[in-house]
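Q: Single-letter residue listing:
2 protein chains.
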Amino acid sequence: MKLAISGKGGVGKTTIASALIKAFAQRRSTVYAIDADPDACLAAGIGIADEEARKIKPVVEMRDLIRSKSGGGTFYVLNPKLDDAVDEYCYKQGNILFLRMGDVKKGGSECYCRENTFLNALLSSLLLDKDDVVIMDMGAGIEHLTRGTARGVDMMLVVVEPSKNSINTALRVQQMAGDLGIEKVKVIGNKIGSAKQKEFIEKSFPDGDVLGFIPFNDSLWINAMESQDTVESGRDLLGQIGEVSKMIEKEVGDSGQG
Amino acid sequence: MKLAISGKGGVGKTTIASALIKAFAQRRSTVYAIDADPDACLAAGIGIADEEARKIKPVVEMRDLIRSKSGGGTFYVLNPKLDDAVDEYCYKQGNILFLRMGDVKKGGSECYCRENTFLNALLSSLLLDKDDVVIMDMGAGIEHLTRGTARGVDMMLVVVEPSKNSINTALRVQQMAGDLGIEKVKVIGNKIGSAKQKEFIEKSFPDGDVLGFIPFNDSLWINAMESQDTVESGRDLLGQIGEVSKMIEKEVGDSGQG
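Sequence order for the protein chains is A and B. Per this note's numbering, the first sequence starts with residue 29, numbered consecutively. Per this note's numbering, the second sequence starts with residue 29, numbered consecutively.
Looking at chain A on its own, in the form it has when it is part of the complex:
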C-alpha cells in the first residue's frame, strides 16, 4: 500500500505522516518513510537525530545504481530490504526504512524537478511485500501535484486545519490528484478545538471524504521549541491516529497479511 500526505503549509502534514508511520510500523512488516520535501523534518518527526539524518544520501543520487541494475533498460524493481547496495540511502529504525528525496542546495542553483521526477520513478519501482506500507510526506502547496511526484499511490491524504485557506488548498489537491488518476483522495482534520470547527471541515467536503479528526493540543506550542519527536510523544497522537490508520486500510482494501 502506497500513501502520500499533502496539504497547505503548516497544517501538520509531517506530524500526521510521522504518527501514521509509527502506527503502521506497530502492525505491518516494513514501513517506508519517504521525505519528499527538501525543507525536510520528517526524520526528526520519527525520532531520527539531525546528525544521523544529514548522513543519509538523498535518493536522487541512486539513479546511476538503478540504471546499472536495470542493464540500461527502463524496467527495474527495487527491494531495499534485500539489496545491500541501497543501504547508504536508507536509514533503518526498527522496521521503518527512512529515505529522503533531495538535499538542501545552494541558493540560485537549480529547481527540484530532477528530484521529483526520480522520486516518482522510484515509487513505481519499489517492490513491496503484501504487508509493506509506503508513506510519503510531500512538500507544502500544490507543485508536487502539477509535477505528478505521487502519481501511482493508492491514496492521497490531505491534511486540513479549521481554516478556510487550508480547505481551499485541499479542494485544489483533490481536483489535481484526480487529474493524476489517484482514485482515493481523503481528508484528515487536524488541530480540532471545538465541535464547530469539526462541523466546518465536515461540511466542506462530500460525505465520507473526511477519514477522521485529531484534536488541538495546548501543549503543542510549549513542546514545539523542543525537537519534533517530543511534540508527538507529548500528544497521545499515536492513540488518536490508530483509528485513522484502520480507516485507510479499509478504504484501500488492504489490511496487510492480517
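Hints may contain errors.
If the Cβ cut is set under 10 Å, some of the chain B residues that face chain A in the computed set are [to be verified]:
no.: 1; residue: Tyr-140
no.: 2; residue: Asn-144
no.: 3; residue: Gly-167
no.: 4; residue: Gly-176
no.: 5; residue: Ser-191
no.: 6; residue: Val-238
Don't read these hints as lab results, they were simulated from the structure. Given the structure is predicted, the values throughout are model-derived calculations rather than measurements. Ideal Cβ placement from N, Cα and C applies to all residues, glycine included.
For this one, chain A is given, so just place chain B on it according to the hints.
A: For chain B alone, kept in the frame of chain A given last:
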C-alpha cells in the same frame, strides 16, 4: 524598495505580507503586492474577493507583451502605472497594485520553473518611483531560493513562529538568500504567546537580525473559518506591524519621499 517574504509553511507569511502591504500603502505612493505562490491566498489577505482574483491574468502570460515592447532586446522597463497594456495583469485597489505569478494547473501537467524565471525577470524590469514598494509573498519552503526567484530584492524577510522547525527553515533561508547576493535578511517573530517564546527566537539568531514580534491572538482560530481578510482586521495587526515597517525602511535606508 523591493521586499520578499519567506519562511516555513504555516508561519504566517501571507498574514504578515498582507499587513505590511497595508501599512506601506498608508504612507507610500504605490505598493506592488505580488503573490509568488501558485497555492495563493494573498489576494484574500488584502481583501480582494475570490471571484475578482480569479479574473486577474497571471504575469507569466505577460512575456509576449514585454518581448514586443523591448523590440526583441533583452533590456526592458515596465511601469504598470503608466502602461495601459498591463492593466489586465494588475488588480488596482487604491494605491495597491496586485499581481500574481501563475495559475493553478492540471495535476501532472508541469512544474512552475517558467513562472519563477519570468517573475524574477519582471522584478528586475519594474521601474519604481522613489516612493514605491514591492512586496512579494513567496511559496512555502526553500525551492524559490534554489530557483533564485527573489534575486534582486533589497531585503528578504523570514517569518518564524516559536518552533524549532520554523527556525531551522529560517536559518536555511538566511544562508541561501546570502548565496543569491541578498544582503539584508531579517526575521519577524510571529504567534508570540510568552516571554519564553520571544527569548527562544531571539537567541536563535545573531543580534539585530530579529526586526520585531507579532503576538499570538486567541481569536485567530475563530476567524480563520472566515475569509483571510477578516482574520487580520480582527487582530489589530496593522498597529503591530507599523513599527516593523519602519524598521525595514531604516535597515534598507529607504524612507520614500518623506
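Q: Go through the hint on B:Val-238 and say holds or violated, using the shortest Cβ distance to chain A against 10 Å.
A: This interface hint is violated because 15 Å lies over the 10 Å limit.
Q: Double-check B:Gly-176 for me: the hint is only fine if its C-beta lies closer than 10 Å to a C-beta in chain A.
A: 4 Å, holds
Q: Does B:Gly-167 meet its interface restraint, that is, does its C-beta lie within less than 10 Å of any C-beta in chain A?
A: 6 Å, holds
Q: Does the interface hint hold: is B:Tyr-140 within less than 10 Å of chain A, judged Cβ to Cβ?
A: 6 Å, holds
Q: Let's test the interface hint: is any C-beta of chain A closer than 10 Å to that of B:Asn-144?
A: 8 Å, holds
Q: Under 10 Å, Cβ to Cβ, is where B:Ser-191 needs to be relative to chain A, so tell me if that hint holds or is violated.
A: 4 Å, holds
The structure fails hint 6 only (numbered hints given earlier).
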